[in-house]
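Peer 1: For the protein sequence lines, the chains are B and V, in the order given.
Throughout the first sequence, residue numbering follows my numbering, covering 1 to 116 in sequence.
Throughout the second sequence, residue numbering follows my numbering, covering 117 to 231 in sequence.
Just so you know, these hints were derived from the structure itself, not from any lab.
The structure presented is a predicted model; accordingly, all values stated were derived computationally and were not measured.
Please note that the accuracy of each hint is not assured.
[To be verified] List time: in silico DSSO-like cross-link candidates among lysine-lysine, alpha-carbon distance up to 30 Å:
(1) B:70 - B:16
(2) V:173 - B:3
(3) B:70 - B:3
(4) B:73 - V:173
(5) V:173 - V:130
(6) V:187 - V:127
Single-letter residue listing:
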Amino acid sequence: AQKITQTQPGMFVQEKEAVTLDCTYDTSDPSYGLFWYKQPSSGEMIFLIYQGSYDQQNATEGRYSLNFQKARKSANLVISASQLGDSAMYFCAMTPRYSGNEKLTFGTGTRLTIIP
Amino acid sequence: DTGVSQDPRHKITKRGQNVTFRCDPISEHNRLYWYRQTLGQGPEFLTYFQNEAQLEKSRLLSDRFSAERPKGSFSTLEIQRTEQGDSAMYLCASSRIQQGVNEQFFGPGTRLTVL
Numbered sequence: 001a002q003k004i005t006q007t008q009p010g011m012f013v014q015e016k017e018a019v020t021l022d023c024t025y026d027t028s029d030p031s032y033g034l035f036w037y038k039q040p041s042s043g044e045m046i047f048l049i050y051q052g053s054y055d056q057q058n059a060t061e062g063r064y065s066l067n068f069q070k071a072r073k074s075a076n077l078v079i080s081a082s083q084l085g086d087s088a089m090y091f092c093a094m095t096p097r098y099s100g101n102e103k104l105t106f107g108t109g110t111r112l113t114i115i116p
Numbered sequence: 117d118t119g120v121s122q123d124p125r126h127k128i129t130k131r132g133q134n135v136t137f138r139c140d141p142i143s144e145h146n147r148l149y150w151y152r153q154t155l156g157q158g159p160e161f162l163t164y165f166q167n168e169a170q171l172e173k174s175r176l177l178s179d180r181f182s183a184e185r186p187k188g189s190f191s192t193l194e195i196q197r198t199e200q201g202d203s204a205m206y207l208c209a210s211s212r213i214q215q216g217v218n219e220q221f222f223g224p225g226t227r228l229t230v231l
């Protein structure tokens with residue numbers, strides 16, 4: 001079984017500052033993938049970034065980067081130069097890899113509010 | 117690529133009624149997932165199709181729930197004899213494995229309210 005823990009229910013950040021959203025995970029799968037999704041008030045889940053458990057480098061996608069620390073089982077999302085449009089719910093998720101189903105297991109999310 | 121679409125976007129029904137939701141995945145995606153999201157929680161897995169075969173169902177999916185993907189394209193999720201506890205957002209996602217990554221693309225969801 002897989003488990004994702006997000007300990008920050010809500011965060012307030014000043015516009016243009018960087019923000020780190022915490023995520024820790026637990027799994028017995030030897031190979032797995034870690035994802036971050038953004039969910040604005042409209043409800044749609046928007047893919048942000050992916051990290052494979054055997055990837056040597058931390059993933060980056062524009063202003064998003066994933067701080068992957070395998071020994072600590074953490075996969076924190078860093079958003080640089082935050083913008084008002086970044087206000088949303090953010091979910092960390094994981095899947096086993098090469099297992100057939102590869103369903104996503106999500107955390108409870110962090111609500112990020114960017115202050116002008 | 118028009119993305120994943122879901123219909124209806126909102127559904128209000130009375131307890132005991134049956135409801136059916138539809139999901140149209142991205143055309144070249146062979147995998148299709150249904151998730152349920154209640155207020156303040158992350159989405160939870162309900163069921164998974166690869167092409168037309170339903171390969172896994174969560175224990176969350178009681179006998180009142182049934183899902184189909186008859187031709188390996190669109191999928192339907194039916195809830196019979198709805199209960200107030202069924203009120204939630206129902207999310208559909210589709211994917212295909214590319215370079216070992218199963219990136220799931222989500223639709224806008226169907227928000228169900230059971231009165």
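Peer 1: Of all the hints given earlier, name the ones this structure violates by number, lowest first.
Peer 2: Structure breaks no hint.
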